[in-house]
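Colleague: Sequence:
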Amino acid sequence: MFYAAIAAGAIFIAIGIASSIYANQPVDVRLDNTLKPGLSDDITPDMNAGNTASITVSGSTFDIKIEDPEKQVVTSKSNVTSFNYDLTAQKAGEYHIGIKNTGSTDLAIAGHAQTKESPLGLSGALMLLVTGVIVVGLGLRFSRR
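Convert by adding 3 to the 1-based position in the sequence shown; the result is the number in my numbering.
Do not take every clue at face value.
Straight-line distance between alpha carbons at most 16 angstroms, and here's what the computed EDC-like set of lysine to aspartate or glutamate pairs gives [said to hold, decoys possible]: (1) 103 to 45; (2) 80 to 45; (3) 94 to 73; (4) 74 to 49.
Pair by pair, the computed Cβ-Cβ distance ranges are [claimed, not checked]: (5) 31 to 145: 42 to 48 angstroms; (6) 72 to 35: 20 to 26 angstroms; (7) 42 to 140: 52 to 58 angstroms; (8) 25 to 77: 39 to 45 angstroms; (9) 115 to 21: 20 to 26 angstroms.
No lab work stands behind these hints, which were simulated from the structure alone.
Backbone N, C-alpha and C fix where the C-beta goes; we use that ideal spot for every residue, glycine too.
Construct the complete structure from the given sequences, taking the supplied hints into account.
Modeller: What follows is the structure in structure tokens.
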């Protein structure tokens, strides 16, 4: 029982440390989608300052507007048939990329955005770390018997 508890605790600690490191890294998320005529899409990546996003839209006519977390318009285009934009976040927060298909055919949306780490992900990793310490402590308790 002693060796099993120590091994399990060590594994929990190792996974907790690795998860804590990963939780602090931006995650690259694909923005690929198809938008039918008459529909709208609101893409909202939550980004840190310095994170990047790239979006390409093509197809029938559409309107597109990109806003920063303070609702300031970064760029806005109306009645265009193609759009390509590389965004570098100047402020941390949720950016809004609004696309409205005003044409008669589907739109192809492609790209990616780096999203910021999740506080929930970090708390889960820290819980694994704490669990590992507790299991190792229980394992040491078993060694005394």
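Colleague: Determine for every hint whether it applies to the structure shown.
Modeller: For each hint, the structure was consulted:
1. 103 to 45: holds, 9 angstroms
2. 80 to 45: Given that 16 angstroms is the threshold and the Cα spacing comes to 15 angstroms, the pair holds.
3. 94 to 73: Cα-Cα ~9 angstroms, so holds.
4. 74 to 49: Measuring from Cα to Cα gives roughly 13 angstroms; hence the hint holds.
5. 31 to 145: 42 to 48 angstroms: The hint (42 to 48 angstroms, Cβ to Cβ) holds, given that residue 31 and residue 145 are roughly 44 angstroms apart.
6. 72 to 35: 20 to 26 angstroms: holds, 24 angstroms
7. 42 to 140: 52 to 58 angstroms: holds, 56 angstroms
8. 25 to 77: 39 to 45 angstroms: violated, 29 angstroms
9. 115 to 21: 20 to 26 angstroms: holds, 24 angstroms
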